[in-house]
Amino acid sequence: MRDSLLGIAASLALVGQTHPKYLGVMINLSTTLQSLPLLLDAALITISISLVTLVFGFLLGIVVCAMRLSASPLLRTLALIHVRFFRGVPLLVQLLMLYYLLPSIGLNLSSMAAAIIAVSICESAYVGEILRGGFLGIAPGQLEAARMLGLGRISTVLRIQLPQAMRLSVSSLTSEMIILIKVSSLVSVIGVTELTRTAQNIAASTYRPLESYFMAGLIYFVINGIVAWLGMLGEKRLSKAHQS
Amino acid sequence: MNIDFSVITNNLDAITHGFGITLGTWLAGTALALMLGLAISVLQLYCSRPIRMGLRAYIEIVRGTPFLIQLFLLYYGGPSIGLELDPVPAGTLGLAIYGSAYFAEIFRGGFNSIPKGQLEAATCLGLTRWQAIYRIKLPQMLIIIVPALTNMIIILSKETAVLSVITVPELTGVLTGIGTASFAFMEILIVLCLGYLALVELTSHVGHWVERRVGRFMLR
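Sequences listed follow chains A and B, in order. Mind the numbering: the first sequence is residues 1 to 244 in our numbering, read in order. Mind the numbering: the second sequence is residues 1 to 220 in our numbering, read in order.
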């Protein structure tokens, strides 16, 4: 973490050095710096897409996990197919599929809606597996103890299993958020104007692809650094609350 | 919607060529990434602090930015600093750079999992540094890191789809091209999904097989 902060500082120093006074021969950030507000606005869209898909992905992931752990073989198989499919096919292919196929069955979705649906469904497959790991990680003795104490099945799930599985998955929330921020760059391909797409537009209008993609990459890096830092803070607080 | 696979059979040559490019960029990119990653992790073990910090920054930067941005920087930004690459080499290099950071972390985890005492014992017995890495560390860490390696290799196989964005004529690029020309998206997407699922399943089977082999070798 400290090293990544140092990396951010070094990159910021590099940006500082390319103030018009120090114009380099080949790398010239000044034109791209002018479009920095555009990039920052777009970064907000990237963050919102990632947050929305994280929430939807988690809600759907709970359903997927419940299906995988259910007693019915039909539900189990369906969930397994879901997980295998959405983890086995590249997200880009899923995005293109949704984007091209939906109009042909008469559904006209905006590219933003298509992007959020595709990424959420894909994320649900990953989250489902994470949560399943959380549930399976609970010692079977606890369930026996719960039954001994006379807890019903539903209250066992709600009071014993779910809180523990959630605590396990909270630490994976951070890494999922970082993955989603990176993965959300793919939705630029179907025309959502988030950070990557905006960088593309700026590259096309200023003829400075290196600088514009460098700035976009830097913004992604800073966002991910902040998310990782927040996650660390949250985890510390959570483990403290758990201990006391 | 009726499904007619003549679109696929008519373009079979282009599709198999695209699949070949997917396989080629994936295998070449993975091989390069593995070598780079191993080199980075070994350098991290034995080099001075500034070099270690530089490598750490490389890993953090590659892991902290999207693959698509890295590809754009390499392919569209490269010419500004005199690096002009065709799509296929640019894509392969992009995969190699992206994978190397993750592989380096996996290797580092593997190296760290070997107790220090073993290395001290190796030095006591007169093994050189490289012999200790090659004969003591690598064989033992293999068993620990094979699942993570397989996982990353599978991720790389899926990332090859992103190469279509920088105009590499691989499976996704070729098939979506056929799709936009013929509007036969359903057929195209069935073939796309089957292609990638086959690749992923095959890789994970090979991974399990290697895991068993390495495990057997270690238990004796």
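Because the hints were derived from the structure by calculation, they are not lab data. Some clues are possibly wrong.
Unchecked claim - Non-contacting residues of chain A with respect to chain B, defined by C-beta distances greater than 12 Å in every case (computed): (1) Asp41; (2) Leu69; (3) Leu149.
As the list claims (entries may be wrong) - Quick look at which bits of chain A chain B covers, simulated, 3 or more residues with Cβ under 8 Å: (4) 88 to 94; (5) 100 to 110; (6) 166 to 177; (7) 201 to 215; (8) 218 to 229.
Just so you know, even glycine gets a beta-carbon here, dropped at the ideal spot from N, CA and C.
Structure-based check of all given hints:
1. Asp41: Label holds. Min Cβ-Cβ 17 Å, cutoff 12 Å.
2. Leu69: Holds, because the least Cβ-Cβ distance between leucine 69 of chain A and chain B comes to about 22 Å, which exceeds 12 Å.
3. Leu149: Given a closest Cβ separation of 38 Å, the condition holds.
4. 88 to 94: holds (count 6)
5. 100 to 110: n = 4 at 8 Å, threshold three: holds.
6. 166 to 177: n = 0 at 8 Å, threshold three: violated.
7. 201 to 215: Satisfied; 7 residues make the cut.
8. 218 to 229: holds (count 4)
Violated hint: 6 only; the structure is consistent with all others.
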